[in-house]
Amino acid sequence: MQLAANITVGWADIPKSQFCARKLHSRAIASPHYEKSLLHQLQLASAQTHILGLDALFRRACGGYEPVLQFANALSALPTIPNLSAPLLCDIDLFAYSFLASARNFDLLLPLMQCNSIALAQILNDCEGAVRSLENFERTGTLPAQMSELGAQQYLSLRRAVARSSSQRELQVLAALLVSGPSTIIHLTRELRLELKTARQILGLFESIGILTLWEEEPGGAVEPTFAIEKVAVPLVIFCVKELLGLDLMGNLSALLETNYE
Amino acid sequence: MNDVAQVFLNPYVLFYLSSVAGVQMIYAQLKRKQKDLIAIQRRTRGLPNGILLNRPERLAALRQRAFLESALLLLTIVGLPFLLSIAISLLEGAESSGRERLGLMLAFVGLLMTMLWSAKGPLLAFVGGLAFKTFATFAVPFEIGDRVTIRGFSGKVISLSTFLFELETPRGERVSLPTYLLWNEMVVSEGDRATQCEINLYLSLCASAHQRRVAESFLQELIQSSTYLEPSKPVQIYFTAGLSATHLTAVAYAVSAEHARSLSNEITKEFLSFSQKEQIAL
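Residue numbers (my numbering), protein chains in the order written: chain A, 83 to 344; chain B, 96 to 377.
For the record, the hints were derived by calculation from the structure and aren't laboratory data. Since this is a predicted model, take the numbers as computed values, not measurements. Where hints are given, some of them may not hold.
Said to hold, decoys possible - Below, computed lysine-lysine pairings styled on DSS-like, alpha-carbon distance capped at 30 Å:
#1 B:Lys328 - B:Lys364
#2 B:Lys372 - A:Lys279
#3 A:Lys279 - B:Lys364
#4 B:Lys251 - B:Lys130
#5 B:Lys328 - B:Lys126
#6 A:Lys313 - A:Lys105
#7 A:Lys118 - A:Lys105
#8 B:Lys328 - B:Lys251
#9 B:Lys328 - A:Lys313
Start from the sequences, fold in the hints, and give me the full structure.
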């Protein structure tokens with residue numbers, strides 16, 4: 083079955099649909115035959131169905147690549163299902179996609195459609211515009227038109243937290259949340275090898291300055307607070323991670339789009 | 096004697112020579128004032144002194160400034176005599192302006208020859224430095240923020256002004272070199288911010304083929320899960336058979352030179368824990 087990536091920005095909420103990637107994957111894993119279970123689940127889909135939240139299957143950690151790769155590989159190996167649209171659109175977060183495309187050539191398994199690459203170029207333009215405003219603000223202190231006073235204060239608070247050379251852990255947390263998406267404290271302590279107390283302090287700090295938002299886990303699951311980057315704070319995080327850590331996810335994706343989709 | 100004095104001591108020659116020096120001084124003052132205004136604006140906004148950006152100045156802005164400085168120098172030294180010559184003709188008349196024109200021409204030729212052939216010290220530094228700075232903003236052999244190696248010193252370029260080129264080494268040392276000397280220097284630029292990092296690990300000869308495969312696969316995932324890895328660059332793992340151990344070399348790119356050690360440290364620590372857990376002899 084042909085697949086195509088539908089890029090999303092910001093983590094609105096944990097998808098609750100039966101066609102969210104996490105649910106499909108966990109049911110398929112629990113069954114004796116993974117691909118057959120996926121096929122069976124997708125029989126109930128319609129032409130408008132998207133696979134939601136594919137990035138929720140990915141964590142940038144040892145063993146974190148396996149679920150998303152297994153799921154995408156299995157989907158692409160399935161025969162075409164008549165009631166589904168072709169190609170089947172899979173919603174995936176921009177930063178997870180950028181990372182996976184750079185690190186694992188994931189865009190070969192889940193390519194962008196032509197029309198989606200145009201929409202993606204627009205998203206990248208908007209993000210780059212926001213980052214450039216921050217650069218101008220940092221260089222000259224001039225508040226750009228697109229940036230509010232509140233945004234400037236938020237940036238200054240974040241800057242105070244991460245600009246020191248001793249703020250490596252804070253930067254690691256931001257990078258992990260940007261690439262892996264919404265994360266629990268357990269995720270971060272395990273993947274970044276942080277002390278629980280340190281993780282709580284850092285997450286609490288970022289939440290207090292409005293960089294992170296706190297979700298509750300979906301009903302029926304363990305009540306574990308999940309932290310996600312606020313959509314309005316995404317450009318601030320991209321900027322800090324790029325300038326202080328050197329991780330330029332948007333630059334990598336732009337380069338990929340230029341070489342593959344021109 | 097009076098004639099010689101009148102050739103040089105006329106308002107046009109005085110205006111010409113004062114303009115050459117004066118324009119540069121006024122420009123330097125304006126630049127300093129602009130810098131001070133920006134510093135005040137940043138402080139008012141609550142931004143501390145140090146700029147957070149890896150490239151504190153945009154290439155386009157540098158280009159503009161270098162072009163403006165070169166244009167000012169050329170217009171005052173070369174262009175102004177021609178304008179003054181026209182002014183002499185209009186104000187003094189063509190017949191009676193011979194001495195003034197001669198003075199102007201001699202001043203222009205003298206200044207040009209001084210700059211081209213016998214200039215030493217500050218003048219050479221200024222002209223040579225400005226020329227290199229202008230060239231560098233258009234040909235871009237490197238940019239501010241890039242990591243370069245020059246005369247055995249490796250570091251990040253923090254400034255390229257008319258007089259001085261400055262590097263900051265990873266140990267925090269500041270290396271300064273007169274910009275005009277860069278014309279004759281070999282500068283090795285690392286280009287991308289990402290830095291190649293080699294991690295060397297040694298497995299005992301007793302490690303089985305299965306254990307080596309497991310170690311390789313774990314190492315690949317471990318490297319790709321590190322925050323300090325540049326994901327767009329390849330990760331390569333090589334095995335080399337030695338007399339007393341199997342040498343495992345992982346070549347990866349850290350997101351920046353400042354984090355190369357952190358990447359290496361993280362990978363080594365985690366691999367050692369993994370090999371202890373899996374009982375892979377090192």
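Status of each hint after checking the structure:
1. B:Lys328 - B:Lys364: holds (22 Å)
2. B:Lys372 - A:Lys279: holds (26 Å)
3. A:Lys279 - B:Lys364: The hint holds at about 22 Å.
4. B:Lys251 - B:Lys130: holds (22 Å)
5. B:Lys328 - B:Lys126: Not satisfied, since the Cα-Cα distance of roughly 40 Å exceeds 30 Å.
6. A:Lys313 - A:Lys105: Within the cut-off at roughly 24 Å; holds.
7. A:Lys118 - A:Lys105: Holds: Lys118 of chain A and Lys105 of chain A sit about 15 Å apart, inside 30 Å.
8. B:Lys328 - B:Lys251: holds (21 Å)
9. B:Lys328 - A:Lys313: holds (28 Å)
In summary, the one numbered hint that this structure violates is 5.
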